[in-house]
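Visitor: Below are the chains, spelled out letter by letter.
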Amino acid sequence: MIPLLLLAPLAGVILALLSRTPSQAALGTVVGAAGLLAGAVIQGMSPDIAAWSELLRLDELGSYFLLIVAGVHFLCSVYAYGYFRRELEGGHIGPAKVRMYHVWINLFVLSMVVVVCSHHLALQWVAVEATTLFSAPLIYLHGDRRGMEAAWKYLLICSVGIAFAFLGIIFLSRAAGDVPLTYTALPLAAKRLDPRFLRLAFLFFLVGYGTKMGLAPMHTWLPDAHSQAPAPASAMLSGVLLNCALLSILRVAPIVPGAYASPLLILFGILSIAVPALLVAVQRDIKRLLAFSSIENMGIVVLGLGFGGAARPAALLHVLNHSVAKVLLFLVAGDLILRFDTQKIRQIHGILRETPLRGVLLFGGILAITGSPPFGAFWSEFGILVGGIAGGHLAVSLAYLVLLAILFGSFLMYGSDMVFGEGVPRKLSGPELWCLLPACVLLLASLWLGLHVPAGLYKTLERLSTVVAFS
Amino acid sequence: MNTVTILLLLLGLHMAVTERIRPAIRSLAAQGILLGLLPVLAAPGPAWRAAGLGLATIAVKSVAIPLILTRAVNRLEIGQESESLLSTKTVILLTGGLTLAAFVACARFGLSGQDRLGAAAGLTLLFSGLLMMTTRVKAVSQVIGFVVLENGIFLFGAASGSGFTLPIELGIFLDLFVAVFLMGILMFKIQRTFTHMDVRKIHTLKD
Numbered sequence: 001m002i003p004l005l006l007l008a009p010l011a012g013v014i015l016a017l018l019s020r021t022p023s024q025a026a027l028g029t030v031v032g033a034a035g036l037l038a039g040a041v042i043q044g045m046s047p048d049i050a051a052w053s054e055l056l057r058l059d060e061l062g063s064y065f066l067l068i069v070a071g072v073h074f075l076c077s078v079y080a081y082g083y084f085r086r087e088l089e090g091g092h093i094g095p096a097k098v099r100m101y102h103v104w105i106n107l108f109v110l111s112m113v114v115v116v117c118s119h120h121l122a123l124q125w126v127a128v129e130a131t132t133l134f135s136a137p138l139i140y141l142h143g144d145r146r147g148m149e150a151a152w153k154y155l156l157i158c159s160v161g162i163a164f165a166f167l168g169i170i171f172l173s174r175a176a177g178d179v180p181l182t183y184t185a186l187p188l189a190a191k192r193l194d195p196r197f198l199r200l201a202f203l204f205f206l207v208g209y210g211t212k213m214g215l216a217p218m219h220t221w222l223p224d225a226h227s228q229a230p231a232p233a234s235a236m237l238s239g240v241l242l243n244c245a246l247l248s249i250l251r252v253a254p255i256v257p258g259a260y261a262s263p264l265l266i267l268f269g270i271l272s273i274a275v276p277a278l279l280v281a282v283q284r285d286i287k288r289l290l291a292f293s294s295i296e297n298m299g300i301v302v303l304g305l306g307f308g309g310a311a312r313p314a315a316l317l318h319v320l321n322h323s324v325a326k327v328l329l330f331l332v333a334g335d336l337i338l339r340f341d342t343q344k345i346r347q348i349h350g351i352l353r354e355t356p357l358r359g360v361l362l363f364g365g366i367l368a369i370t371g372s373p374p375f376g377a378f379w380s381e382f383g384i385l386v387g388g389i390a391g392g393h394l395a396v397s398l399a400y401l402v403l404l405a406i407l408f409g410s411f412l413m414y415g416s417d418m419v420f421g422e423g424v425p426r427k428l429s430g431p432e433l434w435c436l437l438p439a440c441v442l443l444l445a446s447l448w449l450g451l452h453v454p455a456g457l458y459k460t461l462e463r464l465s466t467v468v469a470f471s
Numbered sequence: 001m002n003t004v005t006i007l008l009l010l011l012g013l014h015m016a017v018t019e020r021i022r023p024a025i026r027s028l029a030a031q032g033i034l035l036g037l038l039p040v041l042a043a044p045g046p047a048w049r050a051a052g053l054g055l056a057t058i059a060v061k062s063v064a065i066p067l068i069l070t071r072a073v074n075r076l077e078i079g080q081e082s083e084s085l086l087s088t089k090t091v092i093l094l095t096g097g098l099t100l101a102a103f104v105a106c107a108r109f110g111l112s113g114q115d116r117l118g119a120a121a122g123l124t125l126l127f128s129g130l131l132m133m134t135t136r137v138k139a140v141s142q143v144i145g146f147v148v149l150e151n152g153i154f155l156f157g158a159a160s161g162s163g164f165t166l167p168i169e170l171g172i173f174l175d176l177f178v179a180v181f182l183m184g185i186l187m188f189k190i191q192r193t194f195t196h197m198d199v200r201k202i203h204t205l206k207d
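Chains A and B are the protein sequences, given in the same order.
Under the numbering used here, read the first sequence as residues 1 to 471, first letter to last.
Under the numbering used here, read the second sequence as residues 1 to 207, first letter to last.
Next up, chain A with everything else stripped away, as it sits in the complex (with noise of 0.2 Å):
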């Protein structure tokens, strides 16, 4: 199977290399991204692991992961098709950039696979190292002063985010000794690692992988990255890539004794809410908001698994679902961002009288990522809240829910002023379906989640928050 998910991609580049017009290209990233979710999802309901080599091999964790790329790149490539026909179309980009997005998405999509099937410490590393390679061409591709500001800081950070992650994959290797580094191998053997190297290498995996993931105060280059790059790319960089670095620290968390590791996670999750809580109040940029509220989430996750018993299942759903709601937001501000030609917050409004449906969706995905009920990520964000009460870090809790209601106060704020209000009549600006359809899909699964928390869903997320439990 492991084969095949490669494949997927990889013939996305090649279709991407082969074709002739932009609509080709983008063709073939659906083709390959519709391959890549028919394999994830054959993998995800088969009982069984797939492995290939010591090196490639994909358990349930993984799988999990997975399905969750492969689904956001699908809708992500559909969304592309319309969304650079309609850049080409107000002749913000040239036919041949748009052929190199579709090159480097497809191989960005191929090293977030290897992340997600890296069966050994060191070739995972090597795979999200790739990622930050991959995706540094996407966030320039507009080619203006500001998207290469972006890439070099983006490029720059994450690289020594990541050397430092190396600097913790040298320490697990000391502490491990003659036990080889892989995820099968490392946890037979946690008790016979040495403590000391073992407890350097989770802090070093936890900052520098940490850097990758957005966790404050190493965030400084997200909301640059994350809004400087094309609206289905700045998608895929919120809703999956930061998911594959959470994966990295996953990994070792068998290993590392809890009550060293939690405190930890505890003080990254809190202060990743913390510093969004005080700067969204003073955003003017739409997708820079949205990135403010990646790093938000993901500290969500961190907490939820430092917090550990009930709030890890939920950290573990947190992540499903703030991908869904994250990308949802993100296809609409890149349509809104065409339809009104600005990407600052004041200038938009009207929405709602306007458009009707795109105020639907912007709205419901604003109540989604804020964990507003009736969607998924209230009883994940409630979840998390309720295992930290249990677990009796009570200021904590109390803290994370003060930093969660001036979220929801600024978001919906936010959300009001362009949504509601006086309409400015704007014109129709190319085929807007295929930039609708997928935000609709997203809008609907983010609402079935939060309804019914499927039995299947729920039985997984239990089984895997054992496999992620620290020893």
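No lab work stands behind these hints: they were computed from the structure.
Ideal Cβ placement from N, Cα and C applies to all residues, glycine included.
Worth double-checking, as some hints may not be accurate.
[To be verified] 27 Å max Cα-Cα, derived DSS-like pairs, lysine-lysine:
1) Lys-344/A to Lys-153/A
2) Lys-344/A to Lys-97/A
3) Lys-97/A to Lys-189/B
4) Lys-189/B to Lys-153/A
5) Lys-97/A to Lys-153/A
[Stated by the list, open to error] Covered, in the sense of this in silico footprint (three residues per stretch, anywhere, with C-beta under 8 Å from a C-beta of chain A), are these stretches of chain B:
6) 128 to 142
7) 146 to 155
8) 167 to 173
9) 179 to 187
Got chain A sorted already, so can you dock chain B onto it with the hints?
Guide: What follows is chain B alone, placed relative to chain A:
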């Protein structure tokens, strides 16, 4: 082995304090050759693996990366000086302090003998690379700092005796090469739009 480590350390200190870019690139290339000798001198495993690793190291670290950087310096017509936010005196003091800190940290962690020297030299390079990245103004110097940091981690890893299978090691080199290559491309592109390559002046993106 110890000689190689000490030479690596001295080259690193040279780059940390020098104010001129071209000599710094030459030191970087020399470091690459010395790092290429490490697997041959010390790495466990069969000889072909050591030879492969050594060749890959030299190809990437002492040929490809210095070439990219030299081309950048030539084509971008940036001056000879690598401006720093700190005075040379401060840099020397800071580098000395960081070196001391690295040796103390390694001693406290109970590393002994040959291990300790390699690990401490590696940590020193890592620290001075970070210092270069954060205090140097020109993009080229920041990239040099990044490669010094990577070299430090490589040396630290070699001293700690961590080795992976050859495909993974080659993957690590490929990543480093592509990273520097992309940084090189970005430098050209930024030069074209900004007509200067002074990182202090790019701050349009702010909160």
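Visitor: If a hint holds in the structure, say so; if it does not, say that too.
Guide: Hint by hint, here is what the structure shows:
Taken as a hint, the Lys-344/A and Lys-153/A pair is honoured in the structure, with Cα atoms around 22 Å apart against an allowance of 27 Å. Taken as a hint, the Lys-344/A and Lys-97/A pair is honoured in the structure, with Cα atoms around 25 Å apart against an allowance of 27 Å. For the hint pairing Lys-97/A with Lys-189/B, the CA-to-CA distance comes to about 15 Å; that is within 27 Å, so the pair holds. Proximity of Lys-189/B to Lys-153/A is assessed by CA-CA distance (about 14 Å); at most 27 Å being required, the pair is judged to hold.
Restraint check for Lys-97/A and Lys-153/A: the C-alpha separation of about 22 Å stays at or below 27 Å, so the hint holds. Residues of the stretch 128 to 142 of chain B lying with their CB closer than 8 Å to a CB of chain A number 4, which satisfies the three-residue condition for coverage. Taking a C-beta to C-beta cut-off of 8 Å, the stretch 146 to 155 of chain B contributes 4 residues in contact with chain A, enough for the three needed, and the coverage statement holds. Using a Cβ-Cβ cut-off of 8 Å, 4 residues of the stretch 167 to 173 of chain B lie near chain A, which meets the minimum of three, so the contact claim holds.
For the stretch 179 to 187 of chain B, the assignment as covered by chain A holds, since 4 residues bring a beta-carbon within under 8 Å of that chain's beta-carbons and 3 suffice.
Of the numbered hints listed earlier, not one is contradicted by the structure.
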